[in-house]
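> When we follow our numbering, the leftmost residue of the sequence shown carries the number 2, and every step to the right adds one.
Honestly, the hints are just simulated from the structure, not real lab data.
Cβ atoms here follow ideal geometry from the backbone N, Cα and C, with glycine treated the same way.
Check each hint, because a few of them may be wrong.
Unchecked claim - Beta-carbon label-pair distances, calculated as ranges:
no.	residue 1	residue 2	range
1	Ser-26	Pro-82	26 to 32 Å
2	Pro-57	Asn-120	27 to 33 Å
3	Gly-104	Met-19	28 to 34 Å
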Amino acid sequence: SDDWASAGLGMNYWFQGMPSLADISEVRILPGVQIVFCLFYGDYSLKSIPNDLALPDSLLSIRSMFPFTGIESIPASFNIPSQIVDMRYAFEGNVRLKEIGDGFALPFTVQTYQGMLRNCDSLISLPASLNLSRSTAKGDPARNAFQQGYDARIDPSWQRPAFPLRTFRKGR
């Protein structure tokens, strides 16, 4: 029975702290799950997100779904469903993360993405599709995607395929 999932208990911590977990191609987020807090936290051997990893329509929060893993890229095919409201710290601390596929986007329903890419120090550029030029419903500015205290000096020309991260500078 999926009663626990429909109650909003989710799949929190299911695969947390499994440093040898390298392949999640067979992992499925169960129907009815609303929260996947710290699902893959600290899984350092995990280098990629499968192109076909599907997030169910019931999911509302992917807060801290992939923090401190070995992920090197986020595929454009990783679709964030339109009902997601919370993406705080979703990819935090992925020091090997170098690229985000052009086409990866945040739905306008996202209310907060604070720290979503915090301490992802190897990122080279961001795709225009990510569109961090807008504030969220809660008023989170783009800088909150990286870390509080960063001042976003974003090139306003979002027509370019990507902009270099050096356009961000440490603030206050």
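> Does each hint hold? Answer for all of them.
How the hints compare with the structure:
1. Ser-26 <-> Pro-82: 26 to 32 Å: violated (20 Å)
2. Pro-57 <-> Asn-120: 27 to 33 Å: With Cβ atoms ~28 Å apart, the hint holds.
3. Gly-104 <-> Met-19: 28 to 34 Å: holds (29 Å)
Violation of the numbered hints given earlier is confined to hint 1; every other hint is satisfied by the structure.
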